[in-house]
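Engineer: Just so you know, the sequences run in chain order A, B, C and D. Numbering (the numbering used here) for the first sequence: 1 to 342. Numbering (the numbering used here) for the second sequence: 1 to 342. Numbering (the numbering used here) for the third sequence: 1 to 342. Numbering (the numbering used here) for the fourth sequence: 1 to 342.
Worth flagging that the hints you see were computed from the coordinates, not collected in a lab.
No copy is singled out in the list; a pair is fine if it fits within one copy or between any two copies.
When the alpha-carbon atoms are kept at most 30 angstroms apart in a straight line, the in silico DSBU-like pairs for lysine-lysine are as follows:
(1) K27 x K12
(2) K18 x K262
(3) K262 x K204
(4) K88 x K121
(5) K67 x K203
(6) K278 x K67
(7) K319 x K262
(8) K57 x K319
Listed here are the chains, written in short residue letters.
Protein chains: 4
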Amino acid sequence: MLIVLHHTATVKDVENIKKTITKMGFKPVAIPGAERTAIGVIGNQGWVDDSALRDNKAIQEIIHVTKPYKLVSRDFHPKDTVVPLGKKITVGGTSPFLTIAGPCAVESGEQLMKTARFLKKLGVPVLRGGAYKPRTSPHSFQGLREGGLELLDEVRKETGLLVVTEIVSPEHVEIVAGKVDILQIGARNMQNFDLLTEVGKIKKPVILKRGLSATIEEWLGSAEYILLNGNPNVVLCERGIRTFETATRNTADLAIIPLVRKMTHLPIIFDPSHATGKRDLVLPTALAAIVVGAHGVMVEIHPDPEHALSDGAQSLHFKEFGSLLAQMKSLISFKKQKLTVL
Amino acid sequence: MLIVLHHTATVKDVENIKKTITKMGFKPVAIPGAERTAIGVIGNQGWVDDSALRDNKAIQEIIHVTKPYKLVSRDFHPKDTVVPLGKKITVGGTSPFLTIAGPCAVESGEQLMKTARFLKKLGVPVLRGGAYKPRTSPHSFQGLREGGLELLDEVRKETGLLVVTEIVSPEHVEIVAGKVDILQIGARNMQNFDLLTEVGKIKKPVILKRGLSATIEEWLGSAEYILLNGNPNVVLCERGIRTFETATRNTADLAIIPLVRKMTHLPIIFDPSHATGKRDLVLPTALAAIVVGAHGVMVEIHPDPEHALSDGAQSLHFKEFGSLLAQMKSLISFKKQKLTVL
Amino acid sequence: MLIVLHHTATVKDVENIKKTITKMGFKPVAIPGAERTAIGVIGNQGWVDDSALRDNKAIQEIIHVTKPYKLVSRDFHPKDTVVPLGKKITVGGTSPFLTIAGPCAVESGEQLMKTARFLKKLGVPVLRGGAYKPRTSPHSFQGLREGGLELLDEVRKETGLLVVTEIVSPEHVEIVAGKVDILQIGARNMQNFDLLTEVGKIKKPVILKRGLSATIEEWLGSAEYILLNGNPNVVLCERGIRTFETATRNTADLAIIPLVRKMTHLPIIFDPSHATGKRDLVLPTALAAIVVGAHGVMVEIHPDPEHALSDGAQSLHFKEFGSLLAQMKSLISFKKQKLTVL
Amino acid sequence: MLIVLHHTATVKDVENIKKTITKMGFKPVAIPGAERTAIGVIGNQGWVDDSALRDNKAIQEIIHVTKPYKLVSRDFHPKDTVVPLGKKITVGGTSPFLTIAGPCAVESGEQLMKTARFLKKLGVPVLRGGAYKPRTSPHSFQGLREGGLELLDEVRKETGLLVVTEIVSPEHVEIVAGKVDILQIGARNMQNFDLLTEVGKIKKPVILKRGLSATIEEWLGSAEYILLNGNPNVVLCERGIRTFETATRNTADLAIIPLVRKMTHLPIIFDPSHATGKRDLVLPTALAAIVVGAHGVMVEIHPDPEHALSDGAQSLHFKEFGSLLAQMKSLISFKKQKLTVL
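Extracted from the complex, chain A is given alone in its bound form (with noise of 0.2 angstroms):
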């Protein structure tokens, strides 16, 4: 921790600012500058709880040099973190790449089988199918919600494919993960921190969506808690950030994969379909993530997306779709001899 004081600091001000810092249990350095004098903080093991100096009118500003994750920093984790999600499917690290398909919400047995079997046809591994629906109109549909986790693990037991679905309450989770193999927190509720504490108790993979207004530290910070509680299985998926463009559903922070990558050791997947909301720009930004360095996407896909109740506008046709993984197969095969990764 750094401590700026104002330039009109008394030699008496750093006295009294060096000796809070002794009585905190750490060492101060002082620095003094032609204009200013700094004070450096010494002997932390992590985070330092900065409410003892920050009413002191003598400083202008205090820098946190630590930061408030550990678990799931690179720093004292240089290995990447493979994350198993059935008995051969893992993704993160040198692992194949991962595909994710499905409808936005679960709307019949039959809508959710005809996309499992021609995933499956296909070799995608992961059914994606939303059971619990956050919508911003309680108008709007809300999913089928318990009938719609029956419906997945019917469909699971069928096809053998695993199945993710999106949680949203920390009472759901012993139903959920009873259900489906993969769990995934939404954007509305990355920092629903009760229920990322829930399903830290529990070993199930979770997808770990970033807020709509999340910076990658608050990002980080969430799937922490997961770790904290004990499940290190943890999926970061970027799916694209309020901004003031809205020509786009939302703006597709493709730049930050490689970032995040280099601060963590977890997987990091891509959704291109919410990340853009349009079913033209999946396409694109889908193969961008390859070429970026995500270890996956989430596609949305419908057997109807005109007669979809949530999301048609962004739902690639099946046709659509095996066209996509055609191109994303080519590109992977391409990029695995010939492009660096970051």
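Fit chains B, C and D to the given chain A structure using the hints.
Structural biologist: Just chains B, C and D now, with coordinates in the frame of chain A:
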């Protein structure tokens, strides 16, 4: 709903779209223009599901005229809602201006009682205090949780003050509602729809904070969840939004207070502590809130901010709060006589 | 300046960095910590160019403590600047609260004179009116340009009002400065550094609007250009920033007014018309600006807003402005006696 | 244009609005709905000035369907524009992918010539280098200005490379256009409309960067200024937008590249250096730009980034750029064969 066609749309495209609208149960009205045609949709009683149209290649844009909320809209409920908080205390309409104050987090019985007695002496009717604390890092103080609720309950019994605390999980509704007078939904949970639904099932008043990056429409959509489930006692609370500017903790969006009052009949209060994050800015923005027409303010105070376990930098000392209250009283009495409320 | 090293930095890394700092002419002070070392840089008289260090792999972060501006900072110029606008009119410090009003664009001699006479009757000292209009679309009205300047010059001669107009190009400085009393740099030109430099070479007062997405630091950096070139007569003007919220034209950042007053000695005024974009919100936010400590307001009015060639939706009718002025006067007189200015 | 009325609007209100529209020279078409009436406006050939309607109390909202630009729109000019940069080099349409590279600022003849020779050897056709540098602080290096132009002119004569430099003031158009092949309008000047107008009067190609907080519509509106004044040779350049996220210098808005290509016939390139601000992120985002369909990239390189006078942290070493170029070539050749371009 208005459907704007591409300038390349053919007569046949127009006919097809009109047929689809008719099948949806509404009436289409074509509006031919010099460059392109638009089609109006008539006959809907509320929000129209546009999924059957979204993928039509001849359509350039679909514009919804009806809003995704109705119960909270002033359109169909022109009279101000007055929310009863206790036997004699109300907020909204022409109720006297409301002041809520207290520490960010409940830390101890002594801290809470000291604050409560101070507030009672000043005539402030509502004490705030967080038992469950949502924190970015799991390594930060998480609140006393159930222990904090007990302390709040003791204090309200002893002092007669009303007590408000944040609720973070649907499964806590029963226990929290049993110990406090008013529930608060924090910014990070504004779209925790299961939580909104649960607090909609009780009758206790709910303070609903605006999300960090929530539009007014989304905020009102969240309030709609509470009303639709049966609880009309919602108080909105503007607490600053996230923008590119980091000189303040958030950007206090004071201008939307008179705008929200035109859009909804619900009361709206302002939280100058979170909106600015700086003690020096709490006083001027709290006064500004009175001027723009807020129904109240919620302010963080602490007997010893320098040693607060959270948000010390934005918490007022008792003396500072006393001065703020005096200035607020003076401004309110002035305003009643002379200032037009929008 | 503080240099934070990676936790993997070696003793040799530390030595190398210290040598580089010494070569730069400064003194390094190592601050060894439990997890990582930091190095303070001492002896600089201002902003340090860190280019020789930026690429060192052992460095995690470089933190600048000195700000990129100096002349505009209150640090070294604690006393408020009072800017003279005309013979008797000043703004800043304890000068009376300033009101500027007038149409967005100068449209005709009649429109301008009508407005000027109305303002004179009310005692408003400064008339605003755009001769050069920056418009998003080239198909929109671009202002009367030189013809508009002539009209402003005539009106000020006939009425004795001071006149302010926007300047958009460095080559216009001479002609514009010859026709008006105060120059305005608009939000879109806040970082038009050639223009800032040119208006720095004259002595006429300059109103410098904040850019749509400018931080306070960037805004003060732009003011520094004007002062550094010799013109101390700068008045800052907050006019709203661009955020995700589109319910208002911009987001009025009222909370930064008291903050900016702490950071700089320059006066600051508020433009409620552009900050909100809605006539109904001009009144409440103009009053709020008084409460948070602005030195003045600049308001758009028009004799016939329904037929204004630009910004009609945010321009007040004369009658509305008369009412606003009465309320402003009342609030100002109240405030002088009773409200603390931050 | 569509006019949505309040649900309280009377039959008389509707009649009045229809009369006003008729007076404006257009034809009104009423669309009565269950809750409220809307009125379509027919017969306009372009953007409608709505000033005569904006203040009508019966109107809830006015929705413009026609865009404020026309010449740059693909609607009326479906074929890609191919911009000639030199005798053999073009950008846009099916032209080969364009690479531009060079230092942020021209610092010396030696630095520039060294860079030019390196680029020539690699076959890179265009050298960038700033002579006029817009800098936040007046205390930072401002560029060699006219001296820099001379150096650029010498280098292009000696090496045959095309040269691009930023222009910051309308009065520089003649001198700059005489010394370089391509002009660049920087992000801070995207709405410097006098500058846009002046570069519209010459025929040299213009690279128009997106403003820090410019919407796509505003950006295209700025391009429209150049085309309307007679210069069709405009190349758009996405360079990142300002958001709440500060981990990267800007937020690279890669997803809008395919979207912009649908909206306009103009070519669009990407600047990975400013978009990310971090050397490590330049490579992955430059490759991503190829994948999403950009027509080229503009990259900052420097013979000695550690001692660059500006933007060193985002400038590539020669060796790094060589590696980037090799990977770009490989990806482009791969893409031509196998990847669908949107």
